[in-house]
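Q: Here's the letter readout for the chains.
2 protein chains.
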Amino acid sequence: MAAKTTFENLPEEKRARIVEAAIEEFGAHPYASASTNRIVKAAGISKGSMYQYFENKSALYRWLVWEHAAQVKGRYVSAKAYGEAMETGDLLGFLRVAMRGGVVFTLDHPRLARAALRLMEGSADEELGRMKEEHLRMGEQVMRMFVEKGQRMGKLDPDLDPELVSPLIAHATGPMLVDAMMVKMGTTLDGYLNRPEEWTRMTEAEIDGFVDGVMMILERGLAPKPA
Amino acid sequence: MAAKTTFENLPEEKRARIVEAAIEEFGAHPYASASTNRIVKAAGISKGSMYQYFENKSALYRWLVWEHAAQVKGRYVSAKAYGEAMETGDLLGFLRVAMRGGVVFTLDHPRLARAALRLMEGSADEELGRMKEEHLRMGEQVMRMFVEKGQRMGKLDPDLDPELVSPLIAHATGPMLVDAMMVKMGTTLDGYLNRPEEWTRMTEAEIDGFVDGVMMILERGLAPKPA
DNA sequence: AGCACACATGACCACACGGTCACATGACCA
DNA sequence: TGGTCATGTGACCGTGTGGTCATGTGTGCT
Numbered sequence: 022m023a024a025k026t027t028f029e030n031l032p033e034e035k036r037a038r039i040v041e042a043a044i045e046e047f048g049a050h051p052y053a054s055a056s057t058n059r060i061v062k063a064a065g066i067s068k069g070s071m072y073q074y075f076e077n078k079s080a081l082y083r084w085l086v087w088e089h090a091a092q093v094k095g096r097y098v099s100a101k102a103y104g105e106a107m108e109t110g111d112l113l114g115f116l117r118v119a120m121r122g123g124v125v126f127t128l129d130h131p132r133l134a135r136a137a138l139r140l141m142e143g144s145a146d147e148e149l150g151r152m153k154e155e156h157l158r159m160g161e162q163v164m165r166m167f168v169e170k171g172q173r174m175g176k177l178d179p180d181l182d183p184e185l186v187s188p189l190i191a192h193a194t195g196p197m198l199v200d201a202m203m204v205k206m207g208t209t210l211d212g213y214l215n216r217p218e219e220w221t222r223m224t225e226a227e228i229d230g231f232v233d234g235v236m237m238i239l240e241r242g243l244a245p246k247p248a
Numbered sequence: 022m023a024a025k026t027t028f029e030n031l032p033e034e035k036r037a038r039i040v041e042a043a044i045e046e047f048g049a050h051p052y053a054s055a056s057t058n059r060i061v062k063a064a065g066i067s068k069g070s071m072y073q074y075f076e077n078k079s080a081l082y083r084w085l086v087w088e089h090a091a092q093v094k095g096r097y098v099s100a101k102a103y104g105e106a107m108e109t110g111d112l113l114g115f116l117r118v119a120m121r122g123g124v125v126f127t128l129d130h131p132r133l134a135r136a137a138l139r140l141m142e143g144s145a146d147e148e149l150g151r152m153k154e155e156h157l158r159m160g161e162q163v164m165r166m167f168v169e170k171g172q173r174m175g176k177l178d179p180d181l182d183p184e185l186v187s188p189l190i191a192h193a194t195g196p197m198l199v200d201a202m203m204v205k206m207g208t209t210l211d212g213y214l215n216r217p218e219e220w221t222r223m224t225e226a227e228i229d230g231f232v233d234g235v236m237m238i239l240e241r242g243l244a245p246k247p248a
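Those protein sequences? They're chains A and B, same order as listed. Every position in the first sequence, counted from 1, becomes a number in the working numbering once 21 is added. Every position in the second sequence, counted from 1, becomes a number in the working numbering once 21 is added.
Among the hints, erroneous ones may be present.
It does not matter which identical chain is used: a pair holds within one copy or between any two.
Distance condition first, Cα-Cα at most 25 Å in a straight line; then the derived DMTMM-like pairs of lysine to aspartate or glutamate [said to hold, decoys possible]:
hint, residue 1, residue 2
1, Lys94, Glu41
2, Lys205, Glu41
3, Lys25, Glu219
4, Lys246, Asp178
Hints were generated in silico from the structure; no laboratory data involved.
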């Protein structure tokens with residue numbers, strides 16, 4: 022949608038260079054300060070070419086965080102597990118899958134994760150604003166459904182207010198998750214991006230422990246009161 | 022620190038105009054896109070004057086969110102309650118005070134709250150980066166102390182990992198709190214800022230209910246396991 | 001009156017930005 | 001070979017930026 026067909030038709034190697042450069046730039050700078058000039062220079066293409074592939078800066082960013090990031094992240098969250106959790110109203114099961122996927126995705130693609138998180142910062146661009154609103158609306162809707170189903174099935178405290186749980190979960194699987202990971206690794210996302218060699222990646226066991234720790238808090242906080 | 026003495030000596034009315042204009046601008050735009058030109062125009066002063074009061078754009082923003090915002094927000098969080106909670110290791114009591122203060126502060130000064138939240142977005146400015154790091158470090162430290170004290174006193178689950186709780190609390194009293202409030206009011210922070218007349222402010226009772234709802238989740242999530 | 005000094009001003013600067021467009025290049029087909 | 005068309009190019013444009021500085025203005029002291 023956001024990319025022109027010329028971009029889709031590009032040889033794989035050139036396409037990859039452009040994607041890489043865009044991730045680098047939008048990961049390192051807020052949208053408004055990210056520079057198309059730097060992107061084209063890093064990608065080794067001319068400015069004019071860039072504008073053959075994308076309408077403008079906004080379209081490039083939208084493609085990157087909406088289509089590309091979603092596609093990459095999709096590889097980390099099993100659609101099957103997602104569907105099952107949805108089916109059974111198992112919010113906690115869903116959360117576990119989403120969190121683990123989010124952690125590994127962030128470790129594998131920290132710059133892309135950073136670029137995507139920036140969507141929520143807001144900017145003057147109208148299209149980006151619409152995209153942000155839609156993202157929030159969709160998340161809200163899914164969460165509300167989950168909570169209501171979970172309550173009907175007795176898996177969640179019936180007194181829980183879905184309007185409170187929705188943003189809680191959104192943060193717990195997004196920005197808060199990333200922050201917590203980085204604290205756990207003894208750094209910050211920016212520190213990890215700038216000097217990746219300085220910290221060692223979490224091991225699988227550490228990731229499991231981390232996810233368990235967060236889940237323990239959420240499970241007890243959201244479970245039905247003991248009779 | 023960040024403001025020059027010329028600014029401190031300004032007549033109250035002029036000072037207020039400048040503060041108002043800066044809040045408006047930094048509340049509406051990310052740091053990099055916020056414009057000093059627009060600020061001076063809105064404040065009715067000349068560009069040169071602005072640079073007599075502050076070294077540069079970064080110093081103005083730093084003064085606004087570090088000194089001014091902290092001072093204003095301080096009025097909403099009782100120092101006494103804060104001290105007592107600290108003394109007794111009562112993390113949950115502290116959280117309740119901090120959350121209620123944060124909610125009312127945000128309702129009273131939404132633009133200032135927005136401007137302050139933006140500090141966490143990151144930017145190219147070195148001083149801002151340092152400030153952000155310091156803010157995170159301080160929060161981390163306080164939270165860790167709270168958690169360890171609370172655990173020693175048997176008020177918190179001894180299995181809790183302070184490194185997980187710290188970012189959880191930071192988000193729960195910051196960005197997550199604001200998002201949840203806005204969902205509760207049926208809008209978003211940007212919507213509330215742009216069209217404030219469209220939504221009615223939460224009543225005192227609603228605020229209490231809101232804080233209770235969040236606290237209920239946190240209390241159960243963080244409390245010691247029942248024997 | 002004369003001087004000194006703190007503050008106010010806005011024209012001006014170099015710069016980087018996002019975006020455009022007239023033209024170059026090269027692949028393909030007739 | 002000549003023509004067509006998709007793609008590549010970078011000089012160029014208008015605009016807005018953060019920041020400067022020579023000059024003006026007012027106030028108070030000598």
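Q: Does each hint fit the structure? Answer for all of them.
A: Checked hints:
Within a single copy, lysine 94 and glutamate 41 get their C-alpha atoms as close as 16 Å, which meets the 25 Å cut-off; across copies the closest is 42 Å, which misses it. In this assembly of identical chains, the alpha carbons of lysine 205 and glutamate 41 never lie at most 25 Å apart, being 27 Å within a copy and 39 Å across copies at closest. In this homomeric assembly, lysine 25 and glutamate 219 never come within 25 Å of each other (Cα to Cα): the closest approach is 39 Å inside a single copy and 38 Å across copies. Taking CA atoms no more than 25 Å apart as the test, lysine 246 paired with aspartate 178 passes in both settings, with 6 Å inside one copy and 17 Å between copies.
Of the numbered hints listed earlier, those contradicted by the structure are 2, 3.
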